[in-house]
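**Q** Chains as they are written, first to last, in the numbering used here: chain W, 1 to 277; chain U, 1 to 287; chain R, 1 to 270.
Source of the hints: derived by calculation from the structure; they are not laboratory data.
None of these values were measured; they are calculated from a predicted model.
All the pointers check out, no bait thrown in.
Taking lysine-lysine and the DSS-like style, the derived pairs with C-alpha atoms no more than 25 Å apart in a straight line are: (1) K116(U) with K199(R); (2) K183(R) with K4(U); (3) K79(U) with K58(U); (4) K183(R) with K163(U); (5) K202(R) with K137(U); (6) K77(U) with K202(R).
Covered stretches of chain R, going by a simulated chain U footprint (3 or more residues, C-beta under 8 Å): (7) 173-182; (8) 186-196; (9) 209-216.
We treat Cβ as the ideally placed atom computed from N, Cα and C, and that holds for glycine.
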Amino acid sequence: MTILAVEGLKHIYRGHDGDTTALAGVDLRVQPGEFVAVIGRNGSGKSTLAKHFNAILLPSGGQVLVGGLDTRDEALLWHVRQMVGMVFQHPDNQIVATIVEEDVAFGPENLGVPTLEIIQRVDEALRQVGMESLRGHAPHLLSGGQKQRVAIAGVLAMRPRVIVLDEATAMLDPIGRAEVMNTILRLNKEQQMTAVLITHHMDEAVRADRVVVIDEGHVVLSGSPAEVFCQIELLESLGLDVPLATKLGIELERSGLPMPQHVLTAAQLVDELCLLS
Amino acid sequence: MPIKLEQVSFVYAAGTPFERHALKDINLTLADGEFIGIIGQTGSGKSTLVQMFNGLLKPTSGTVTVNNLVTTAKGVKLKGLRQEVGLVFQFAEHQLFAETVAADVAFGPENQGVPKAEIAARVDSALLTVGLPLDIKQRSPFELSGGQMRRAAIAGVLAMNPKVLILDEPTAGLDPRGRDEILSRIRELQRERGITVILVSHSMEDVARLVDRLIVMHEGQILHDASPREVFAHGAGLKAIGLGVPQATEVLQLLRQRGWSVPEVALTLEEARQAIVAAYHERRERA
Amino acid sequence: MSLRHNITLGQYLPGSSAVHRLDPRTKLLMSFGFIMLLFIVRGGWATYGLLGLAALCTILIAKLPLGMVARGLRPILIILSLTVVLHVFSTREGVLLFRWWIIAVYSGGINQGFLLAARLVLLVLSTSVLTLTTSPILLTDAIEYVLKPFKRIGLPAHELAMMMTIALRFIPTLIEEAEKIMKAQLARGADFESGGLMKRAKALLPLLIPLFISAFRRADELAMAMEARCYRGGDSRTKFKVLRYTALDIYAWLLFAVIGVLAFYVSYLG
Chain W
1 MTILAVEGLK HIYRGHDGDT TALAGVDLRV QPGEFVAVIG RNGSGKSTLA KHFNAILLPS
61 GGQVLVGGLD TRDEALLWHV RQMVGMVFQH PDNQIVATIV EEDVAFGPEN LGVPTLEIIQ
121 RVDEALRQVG MESLRGHAPH LLSGGQKQRV AIAGVLAMRP RVIVLDEATA MLDPIGRAEV
181 MNTILRLNKE QQMTAVLITH HMDEAVRADR VVVIDEGHVV LSGSPAEVFC QIELLESLGL
241 DVPLATKLGI ELERSGLPMP QHVLTAAQLV DELCLLS
Chain U
1 MPIKLEQVSF VYAAGTPFER HALKDINLTL ADGEFIGIIG QTGSGKSTLV QMFNGLLKPT
61 SGTVTVNNLV TTAKGVKLKG LRQEVGLVFQ FAEHQLFAET VAADVAFGPE NQGVPKAEIA
121 ARVDSALLTV GLPLDIKQRS PFELSGGQMR RAAIAGVLAM NPKVLILDEP TAGLDPRGRD
181 EILSRIRELQ RERGITVILV SHSMEDVARL VDRLIVMHEG QILHDASPRE VFAHGAGLKA
241 IGLGVPQATE VLQLLRQRGW SVPEVALTLE EARQAIVAAY HERRERA
Chain R
1 MSLRHNITLG QYLPGSSAVH RLDPRTKLLM SFGFIMLLFI VRGGWATYGL LGLAALCTIL
61 IAKLPLGMVA RGLRPILIIL SLTVVLHVFS TREGVLLFRW WIIAVYSGGI NQGFLLAARL
121 VLLVLSTSVL TLTTSPILLT DAIEYVLKPF KRIGLPAHEL AMMMTIALRF IPTLIEEAEK
181 IMKAQLARGA DFESGGLMKR AKALLPLLIP LFISAFRRAD ELAMAMEARC YRGGDSRTKF
241 KVLRYTALDI YAWLLFAVIG VLAFYVSYLG
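The shape of chain W in the complex, shown without the other chains:
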């Protein structure tokens, strides 16, 4: 069963200067165990879309079904939020407690999980993100990447079926970004955790199973990273980057080299080139 089903989703922000249509009819289906990257420039609607997955925002039109549950149904709100965990952009502004392990326990506490089970879940979550050694630390002493891993652990402790990262790496340095990406990839590959990554870093998007490109509230492109990133002109006209390896591959093809297929990383490009000679 499709774990996230978005059908004709519209979202209109009502402001005193007038209304803004952030989403103008989005259709999207995410299967269990998929790793989907959603990319788009600032203002494209990607963050608005993300907030519909756990009912922080409700549709102005169309619907969002999470595990078959309609997000508009108030009675199901907390079920939806337990099923879809979200990690936000600002590492500091999602950590509630003064000690790491207590923050990870915050979610299960809210769900009314019995104490002994909370302890188990906290241990497990910390292990899954590699933060057990820092479990007694105060959050302000952690690096950005560590804070985001604590946030991920906090979400994992609620045993969700989907984890959504809403530009969770935007404020991190390269090391922090790598930490978060490796954690998510591991969760996705080893535990079949469905992951939705909202980002504007193309080097992250290339590692997903599927890439969805959003612009002006519509889905413009959807496909595997290889399929999406070879559309260089379109992506650049949308204000997005293309991995240099992909562009270089296409430029080399234009220069007469018989490049067999599109590549996404430097390593892949080099492999292709070595096959040629």
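Chain W is fixed; fit chains U and R onto it per the hints.
**A** Frame of chain W, contents of chains U and R only:
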């Protein structure tokens, strides 16, 4: 406006359990009009180093001389220095506070004692330089988009007409288009005004494209201080300390490992393309 | 960096001493009880000496660095001096030591001034020991527990405790941000040091306004994150760390009772 650091060291929280040697024995001379990039992992000392340039921090040992003014001398007035050397912090939009964009951009020049008539001109000039429309002046800075807020904050520093401009990760958190716009404006600025620009960055691509001189910081010391081309030739070494090389260079270095005769470094995609095409034809001829 | 490490009043110092291991409710109520003792029992050097000794022993058992505890007294030095001065110049008991025009200093005044200062010191010490040996979360748990009976009269015990936890969690973060903003404004020529009171107050605006705005934005984002993790108030919430009394608490209370009785006894002797 040369900046000179001689045997500069800086220790945070000396004598407490939180003691940290942020800078160790730094020797550095920056000349007028240079476009310099500083790269290094978080914690390598980059931020501490740049705060030495405008006297926000004073070294625990060693001397810092800016335009013949020794910052470590007793009773030195550093306020003037801080306006000659402008520092744009990371996430600069967090410093916005005034009721209108114009008032915020004018803050720096007002503190400098610039006459009112001139302030208005400076505000306009600064806003145009960062690519903001002049009709934004009477709006509240907090109504602007993230990218616009950041540019308004940069304008606030530019309005002081600094002779040295330091930007600490000016593109952090921006989307690709936002990043490109800010970087191209910085490059234009450097060319037009001929001022020294120091760019602290995590992006190897950005520094490869823009700077003439690249300084690599590691654990409080300067590991490399040379042109980007020379620095990125040390691919393995840079990776060992947690940094990288521009993607174009990465491709070439991987090809070299597989026996291709290509240069060590490519700073742009075009350079890489030309090098690879040439090497490809050479290999085909040999075969 | 610098601001963060100078604030010792109310900052938790992790440890595993007997004092650290006491139930936070014990420590909270005992702190409160200690303060009550200070005010109920008739003041005298013997009494305060005894209570001071008890406080000192607690500090030593908790392995708290004395320097750090002493630094926690710095904020009240002014009040202490004022207390002493006030009593020295106004109390007219005991032996007259010194007279000049209308100013008369009596031995009673000096005694009273220092005695009351000592009481203030003990008061602050007891709160310092409480916050230095109890993690903020445990402390808020204890406060929530102690306030629970008042829920019946409409006191939002859980919400208050949550607010306290969040405030404590964000204090170091906000301090860090304040330092950054200050540096950014200094880099633009701001002057926080020169000028009279009015000028300096106005100069603080470029520091306070961004800080406030940032705090509001944080609150917004935090609320969203909390709701995303299914927070909906205190009802039907369970606890990760359940407070449990141990034998250690019983011994501590016994000791406290003994000291309390001794204090009363000593005060009636003197």
